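J.: What follows is the residue order along each chain.
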Amino acid sequence: MSLILENVSYIYSPDSPYETRALNDISFRIEKGEAVGLIGHTGSGKSTLLQLINGLLKPDEGSIEIAGYTITKDSKNLTDLRKEVGLVFQYPEYQLFEETVAKDIAFGPKNQGLSEEEVNQRVKEAMDLVGLDESYCEKSPFELSGGEKRRAAIAGVLAMKPKILMLDEPTAGLDPAGREQLLKQLMNLKGNDMTLIFISHSMEEVSKIADRILVLSAGKLVLDKPVDQAFEEEEFLTSVGLDLPVLARFFARMREKGCVYKSNYFRLEDALKVLLEGEDA
Amino acid sequence: MLKDMTLGQYYPIDSPIHRLDPRTKFLMTFMYIVLIFLFKEFYQYGLLLLGLGIVVWLSKVPQRFILRGIKPILFILIFAFVMNLFLTPGEVIWSFWKLSITREGLRLALLMMFRLFLLIMGSSLMTLTTSPIELTYAMEVLFTPLKRLGFPVHEMSMMMGIALRFIPTLTKETDKIMKAQMARGADFESGNLLSRARALVPILVPLFLSSILRARELADAMEARCYHGGEGRTRYRELCYEKRDAFAMVIFLVFFGGILWLPRIIA
Chain A
0 MSLILENVSY IYSPDSPYET RALNDISFRI EKGEAVGLIG HTGSGKSTLL QLINGLLKPD
60 EGSIEIAGYT ITKDSKNLTD LRKEVGLVFQ YPEYQLFEET VAKDIAFGPK NQGLSEEEVN
120 QRVKEAMDLV GLDESYCEKS PFELSGGEKR RAAIAGVLAM KPKILMLDEP TAGLDPAGRE
180 QLLKQLMNLK GNDMTLIFIS HSMEEVSKIA DRILVLSAGK LVLDKPVDQA FEEEEFLTSV
240 GLDLPVLARF FARMREKGCV YKSNYFRLED ALKVLLEGED A
Chain B
0 MLKDMTLGQY YPIDSPIHRL DPRTKFLMTF MYIVLIFLFK EFYQYGLLLL GLGIVVWLSK
60 VPQRFILRGI KPILFILIFA FVMNLFLTPG EVIWSFWKLS ITREGLRLAL LMMFRLFLLI
120 MGSSLMTLTT SPIELTYAME VLFTPLKRLG FPVHEMSMMM GIALRFIPTL TKETDKIMKA
180 QMARGADFES GNLLSRARAL VPILVPLFLS SILRARELAD AMEARCYHGG EGRTRYRELC
240 YEKRDAFAMV IFLVFFGGIL WLPRIIA
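In the order they appear, the protein sequences are chains A and B.
The opening residue of the first sequence carries number 0 in numbering that gives the first Met the number 0; numbering runs sequentially from there.
The opening residue of the second sequence carries number 0 in numbering that gives the first Met the number 0; numbering runs sequentially from there.
Next comes chain B alone, as it looks inside the complex (with noise of 0.2 angstroms):
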């Protein structure tokens, strides 16, 4: 039922995006996102789109595995084409009743849609080759010059690894007590927006009970093995930059750059 959440999930094999340092994993993810919002030109994005086909092939993840990742916000996506195709004020292409859609308005449109689309994969590829501790781990440590400025760091990556494990937990968890509830005669799927959200109070409440007690027993569990925050804290696995991460940044950067300097040498 569940089963379409692919945002967040790790795909465990092992391949060359696989074995990235997870900081450079990160760090490359960061910049992806904002530069995308920097392009302009649609055959800015066409180059990026083959590029990010590039590093889906070498990281061996399936193609449709990553394409599950966008049902989710499908809703999202088609919400946020047709606000901008319909509300941009401009030039007038096509116009029935009250509504136009004007040149400006398709051109933002697509551009919307084709931004979000990379969002949503580029982020969804991170998370689908950097496990949960790796990615982690890897804030914490590029996070660490805000200690000083008397940020919680450490805390912060723990909640944050703590809720990215129990992402499958909660979702197995849900799936259960949907089941648990159908079997019983509840019905998910029809009525309207009200009854639907009626039907949810037999999920979330169990769902909301059992996440606090798992809460309080993961508290207690994390004391009586001496859990007291990342002061004089170590690791069992050190991480380490290898040659590859820099071959990769290098290919990251001058990609990225190449594409920002397109439209200038073209002009």
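The following block holds chain A by itself, in its conformation from the complex (with noise of 0.2 angstroms):
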């Protein structure tokens, strides 16, 4: 199941002086089981592209093609739509409203129509997911740390068994362990097939998780590649506002002052083994 997004344009306030096109032109194909970053400055676009996604937004020119549902300006009753593509909004922990975790979480497959034992299971895989254990079930979702609310939300919109599962800015905000815990919870879904949209602002995240990087700048697609490909590209990256991971950052100086490596290399792993063991391939 892939998603084909076809010269998507979306205008924000349109006939008003706050008239603003967020978005322009934008085509690209997202393939089942990819992870992909997307990047950009505020404003460029990005939380504008994940709710057309969703069918939240629709957009005012193009399509965009998910699992058998194509959204167009005219499109309606995209409720079903939003089974099959999860959104986690930016600081989802202000969403959650209900007296304990385990009820909030609940909400999802509920409006799903689910069975109430089917809604349970759901719920304690989503938790599962998250690395939240059966204790938190009963507790009330206000007495949770940052980090625990944070993924207590993702959880909410994870037991709605999504196929694509887009993210804004999923770590913003969280202190470095809460982070640590989250970026692990996200690789653990990349392997289970899902596939991923996210949205940051940290290069080393992106790094980290992402198969590929979709740039945004005002409102326009200006870089989608491979991660490895896209740190090729400094000067591109530095033009629009963004840098690379440290690690690649070393690697561009080196081969700047004439060391010959193949590439900016940006993960521990291979730089270590082109450092120590002199691999460079």
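Any given hint could be a false lead.
Simulated DEER-style distance windows between Cβ atoms [claimed, not checked]: (1) A:ASP24 - B:GLU188: 30 to 36 angstroms; (2) B:GLU188 - A:ASN6: 25 to 31 angstroms; (3) B:GLU241 - A:ASP79: 57 to 63 angstroms.
Just so you have them, the derived chain B footprint on chain A, three or more residues with Cβ under 8 angstroms [said to hold, decoys possible]: (4) 8-20; (5) 75-82; (6) 91-103.
The hints are simulated quantities; they were obtained by calculation from the structure and are not laboratory data.
Since we're looking at a predicted model, the values are computed, not measured.
Beta carbons: idealized from backbone N, C-alpha and C, even for Gly.
From these two lone chains plus the hints, build me the complex, please.
T.: Next up, the structure:
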């Protein structure tokens, strides 16, 4: 099941002085199981793009195709689409509202009209996926720590068993420990054959999780490449206000000084291999 | 989703109306609201509509934008119309089953609708052409005499200012929470009244929580910058009346005076 965007444009507040073209003629295709990092400046249209793919916004031009659904300007009734595509908003912990964590996570599957048994099963699975054990079930979501709240909120979306999971800056505002844990769980999800699309401002995170990078700048898709190739384009990334992960930057500088490395390595394992064992391939 | 709310929204462009002193606009709007309830003839409202049209044209705010402000109160408008239409006693001109429409009822219903319409149009025109900061400052200045009576004028205007300032923030927040819950399959549009009301819980709980948090943070931030109320507080920008304010006020008074006297002249 792939996701196909064709010439998608979106305009905010048309016919008012605030009118802005948030997205301009975006086309790409994402295959099942891919992990895609979506990066770009604040206001480049990343969040808008995720909302379009979830059917919360509709494109003013172009079309989006997912799992047999086609979203265009005139699409209606996209509730079923949201079973296929899960969206975790920025700071999702602010959407928690139920008395207990379990009830809150059950909100999504309940809305899907599943049986109580199935709902409970889904809640348990989702909590497992984000690493919350059973002791959290009966706790109030408001007494959890920031990182735990975040994970509970993500579990609320995972419980709907989406085939595509989209996250808007999932690690923003978490402490280092919470961040590490969340990243690890995202890696696990990736292993579970789920398609991941996530927004991040941290190149380090992107380099850890993503296989492919999409760069948005002022509403346009300006780069769409596999991670290792994207990190070869330092000059271009700098020109749109982004930078390389520290490790890749290190290799880029070394190559400038005349060291012959084949690539701007960004994974620790690769870098160690190259530096310690001289294996440059 | 909530973008239709124009009441209380500012439309940031430059126009002769935008440039007027906020106190002038506030006083005029206040008089306007009182005056529209004094008129009794349809032609008076016709003239008023014409006058309002000219001001709208001068303000350069697109008509569509102003008219959008009617949407949220459309229900009240229709409700008032229907109530007045059927419940006013008088000379019956049409009846059906237990319902009957009277000549007086029809007249009152139409008048009421005109008044409400003009009321909303006029007041949204003021907020569309005056930034919230200007507006609250104008109110603070205009109400200063009440301070002698122990009325907390500064505090009230500060509260107003904060409330107005946070309308767009809260609108955005509500929109975001609604979308987030929709992404989890929540449905706000179907079902009966009870299930629709229940569907609001997932929006209201997070909204209240974040508002309380935000209020607390705002209070801390204000105190951290030594805010301690209006005592001895000065302004970065002082308001001052210009010739155009006097000019606008004279036109306003002549126009309304004219409309008010018109029935007597005709009689």
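J.: Look at each hint and say if it fits the structure.
T.: So, going through the hints one by one against the coordinates:
no. : hint                                   : result
1   : A:ASP24 - B:GLU188: 30 to 36 angstroms : holds (31 angstroms)
2   : B:GLU188 - A:ASN6: 25 to 31 angstroms  : holds (29 angstroms)
3   : B:GLU241 - A:ASP79: 57 to 63 angstroms : holds (60 angstroms)
4   : 8-20                                   : holds (count 4)
5   : 75-82                                  : holds (count 3)
6   : 91-103                                 : holds (count 5)
Consistency with the previously given hints is maintained throughout, with no hint failing.
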